[in-house]
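Taken in sequence, the protein lines are chains L and P. If you use my numbering, the first sequence corresponds to residues 4 to 116, in order. If you use my numbering, the second sequence corresponds to residues 263 to 377, in order.
Derived from the structure by calculation, the hints contain no laboratory data. Incorrect hints may have been included.
Here are the simulated DSSO-like cross-link-like pairs (lysine-lysine), alpha carbons at most 30 Å apart as the crow flies [to be verified]:
no., chain 1, residue 1, chain 2, residue 2
1, L, Lys55, L, Lys25
2, L, Lys43, L, Lys25
3, L, Lys106, L, Lys39
4, L, Lys55, P, Lys323
5, L, Lys21, L, Lys55
6, L, Lys21, P, Lys311
7, P, Lys311, L, Lys55
8, L, Lys22, P, Lys311
9, P, Lys311, L, Lys43
10, L, Lys44, L, Lys55
11, L, Lys106, L, Lys44
12, L, Lys106, L, Lys21
13, P, Lys330, L, Lys43
14, P, Lys330, L, Lys106
15, P, Lys311, L, Lys25
16, P, Lys311, L, Lys106
17, L, Lys22, P, Lys330
18, L, Lys22, L, Lys106
19, L, Lys44, P, Lys323
20, L, Lys106, L, Lys55
21, L, Lys55, L, Lys39
22, P, Lys330, L, Lys55
23, P, Lys364, L, Lys44
24, L, Lys44, L, Lys22
25, L, Lys21, L, Lys39
26, P, Lys376, L, Lys55
27, L, Lys106, P, Lys323
28, P, Lys323, L, Lys21
29, P, Lys323, L, Lys22
30, L, Lys25, L, Lys44
31, P, Lys364, L, Lys55
32, P, Lys311, P, Lys364
33, P, Lys330, L, Lys21
34, P, Lys364, L, Lys25
35, P, Lys311, P, Lys376
36, L, Lys21, P, Lys364
37, P, Lys376, L, Lys21
38, L, Lys25, L, Lys39
39, P, Lys364, L, Lys106
40, P, Lys376, P, Lys323
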Amino acid sequence: ETGVTQTPRHLVMGMTNKKSLKCEQHLGHNAMYWYKQSAKKPLELMFVYNFKEQTENNSVPSRFSPECPNSSHLFLHLHTLQPEDSALYLCASSQAPGPFLEKFGQGTRLTVV
Amino acid sequence: AQSVTQPDIHITVSEGASLELRCNYSYGATPYLFWYVQSPGQGLQLLLKYFSGDTLVQGIKGFEAEFKRSQSSFNLRKPSVHWSDAAEYFCAVGAKKEYGNKLVFGAGTILRVKS
Chain L
4 ETGVTQTPRH LVMGMTNKKS LKCEQHLGHN AMYWYKQSAK KPLELMFVYN FKEQTENNSV
64 PSRFSPECPN SSHLFLHLHT LQPEDSALYL CASSQAPGPF LEKFGQGTRL TVV
Chain P
263 AQSVTQPDIH ITVSEGASLE LRCNYSYGAT PYLFWYVQSP GQGLQLLLKY FSGDTLVQGI
323 KGFEAEFKRS QSSFNLRKPS VHWSDAAEYF CAVGAKKEYG NKLVFGAGTI LRVKS
């Protein structure tokens, strides 16, 4: 248990569905991140939130919509996804602005059918 | 922009043998360097990090890494591998930014341990 909890752990959704991924940490961290991990590709940073404000959007398609209602919770809302969006989505948190990423969640394995 | 290269996609070592995983980075300033490990179906766990100072860094689980500025390398080593070390290992370089920090990861090296 890393202190960063992601739910659900597995998700299968159709291309017309709307679903949300949830990330929660109670480590007192004030920065939270979404990463995408696809097979045979490096981890890709998607979004960064610092003190609930989005500070980075790494050219992510609009079918991915993040939400950070407070420093402890981070969501990733998904709609009209494509099969190539199937991946492991990892949440992480840290004490911004430094040190760096300390804790990752276990990820949500997303399959788009 | 920073980048990370892990030349070996797969490495197989015998249990008890020594291990070295290679990592080369490209970054214009003094780098912040990291090694993470990921077991199947799990998130990433930080093994060790280098910010400054002693270029030989000790981490968890008996791992160490050495920063060599002249070679732009940050190779991970372990003197004696255990079967439980089988996992995927990621090297990363960090850029310190005004708001939040950004890590760039290598593609990973899958370590297999044979008995």
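Against the structure, the hints:
Simply put, lysine 55 of chain L and lysine 25 of chain L have alpha-carbon atoms about 15 Å apart, close enough for the 30 Å limit, and the pair holds. Of the supplied pair hints, the one linking lysine 43 of chain L and lysine 25 of chain L holds, its CA atoms being roughly 25 Å apart against a limit of 30 Å. Distance check on the hinted pair: lysine 106 of chain L and lysine 39 of chain L sit about 15 Å apart at the alpha-carbon level, within 30 Å; holds. Pair hint lysine 55 of chain L plus lysine 323 of chain P does not hold up; C-alpha atoms about 34 Å apart against a cutoff of 30 Å.
Among the hinted pairs, lysine 21 of chain L with lysine 55 of chain L is consistent with the structure: their alpha-carbon atoms are about 23 Å apart, no more than 30 Å. Under the criterion of a C-alpha separation no larger than 30 Å, the hint pairing lysine 21 of chain L with lysine 311 of chain P is inconsistent with the structure, at around 38 Å. The hinted pair formed by lysine 311 of chain P and lysine 55 of chain L meets the criterion: a straight-line CA distance of about 26 Å does not exceed 30 Å. Of the supplied pair hints, the one linking lysine 22 of chain L and lysine 311 of chain P is violated, its CA atoms being roughly 36 Å apart against a limit of 30 Å.
For the hint pairing lysine 311 of chain P with lysine 43 of chain L, the CA-to-CA distance comes to about 24 Å; that is within 30 Å, so the pair holds. With a C-alpha separation of about 29 Å, the suggested pair lysine 44 of chain L and lysine 55 of chain L falls inside the 30 Å cut-off, and the hint holds. About 21 Å separates the Cα atoms of lysine 106 of chain L and lysine 44 of chain L, which keeps this hinted pair within 30 Å; it holds. Under the criterion of a C-alpha separation no larger than 30 Å, the hint pairing lysine 106 of chain L with lysine 21 of chain L is consistent with the structure, at around 28 Å.
Note on lysine 330 of chain P and lysine 43 of chain L: the hinted pairing holds, with a Cα-Cα distance of about 27 Å set against a maximum of 30 Å. Proposed proximity of lysine 330 of chain P and lysine 106 of chain L is supported: the alpha carbons are some 26 Å apart, at most 30 Å. Under the criterion of a C-alpha separation no larger than 30 Å, the hint pairing lysine 311 of chain P with lysine 25 of chain L is consistent with the structure, at around 28 Å. With a C-alpha separation of about 13 Å, the suggested pair lysine 311 of chain P and lysine 106 of chain L falls inside the 30 Å cut-off, and the hint holds.
For the hint pairing lysine 22 of chain L with lysine 330 of chain P, the CA-to-CA distance comes to about 45 Å; that exceeds 30 Å, so the pair is violated. Simply put, lysine 22 of chain L and lysine 106 of chain L have alpha-carbon atoms about 24 Å apart, close enough for the 30 Å limit, and the pair holds. Annotation: proposed proximity of lysine 44 of chain L to lysine 323 of chain P holds, straight-line Cα distance about 26 Å (limit 30 Å). Between lysine 106 of chain L and lysine 55 of chain L the CA atoms are separated by roughly 18 Å; this keeps the pair inside 30 Å, and the hint holds.
The suggested pairing of lysine 55 of chain L with lysine 39 of chain L holds, with an alpha-carbon distance near 20 Å, which does not exceed 30 Å. Restraint check for lysine 330 of chain P and lysine 55 of chain L: not satisfied, since their Cα atoms lie roughly 37 Å apart, outside the 30 Å limit. The suggested pairing of lysine 364 of chain P with lysine 44 of chain L holds, with an alpha-carbon distance near 17 Å, which does not exceed 30 Å. Using a Cα cut-off of 30 Å, the hinted pair lysine 44 of chain L and lysine 22 of chain L holds, with the two alpha carbons roughly 24 Å apart.
Taken as a hint, the lysine 21 of chain L and lysine 39 of chain L pair is honoured in the structure, with Cα atoms around 18 Å apart against an allowance of 30 Å. Simply put, lysine 376 of chain P and lysine 55 of chain L have alpha-carbon atoms about 46 Å apart, too far for the 30 Å limit, and the pair is violated. Proximity of lysine 106 of chain L to lysine 323 of chain P is assessed by CA-CA distance (about 17 Å); at most 30 Å being required, the pair is judged to hold. Annotation: proposed proximity of lysine 323 of chain P to lysine 21 of chain L is violated, straight-line Cα distance about 41 Å (limit 30 Å).
Restraint check for lysine 323 of chain P and lysine 22 of chain L: not satisfied, since their Cα atoms lie roughly 38 Å apart, outside the 30 Å limit. At roughly 23 Å between alpha-carbon atoms, lysine 25 of chain L and lysine 44 of chain L fall within 30 Å of each other, so this suggested pair holds. Proximity of lysine 364 of chain P to lysine 55 of chain L is assessed by CA-CA distance (about 17 Å); at most 30 Å being required, the pair is judged to hold. Between the alpha carbons of lysine 311 of chain P and lysine 364 of chain P the distance comes to roughly 14 Å, so the proposed pair stays at or under 30 Å and holds.
Restraint check: the Cα-Cα separation between lysine 330 of chain P and lysine 21 of chain L comes to about 48 Å, which exceeds 30 Å; the hinted pair is violated. Between the alpha carbons of lysine 364 of chain P and lysine 25 of chain L the distance comes to roughly 21 Å, so the proposed pair stays at or under 30 Å and holds. Annotation: proposed proximity of lysine 311 of chain P to lysine 376 of chain P holds, straight-line Cα distance about 28 Å (limit 30 Å). For the suggested pair lysine 21 of chain L and lysine 364 of chain P, the alpha carbons sit about 29 Å apart, so the restraint of at most 30 Å is met.
This hinted pair does not check out: lysine 376 of chain P and lysine 21 of chain L have alpha carbons roughly 44 Å apart, beyond 30 Å. Between lysine 25 of chain L and lysine 39 of chain L, the direct Cα distance comes to roughly 14 Å. Compliance with the 30 Å bound is thereby established for this hinted pair. Proximity of lysine 364 of chain P to lysine 106 of chain L is assessed by CA-CA distance (about 14 Å); at most 30 Å being required, the pair is judged to hold. Among the hinted pairs, lysine 376 of chain P with lysine 323 of chain P is consistent with the structure: their alpha-carbon atoms are about 18 Å apart, no more than 30 Å.
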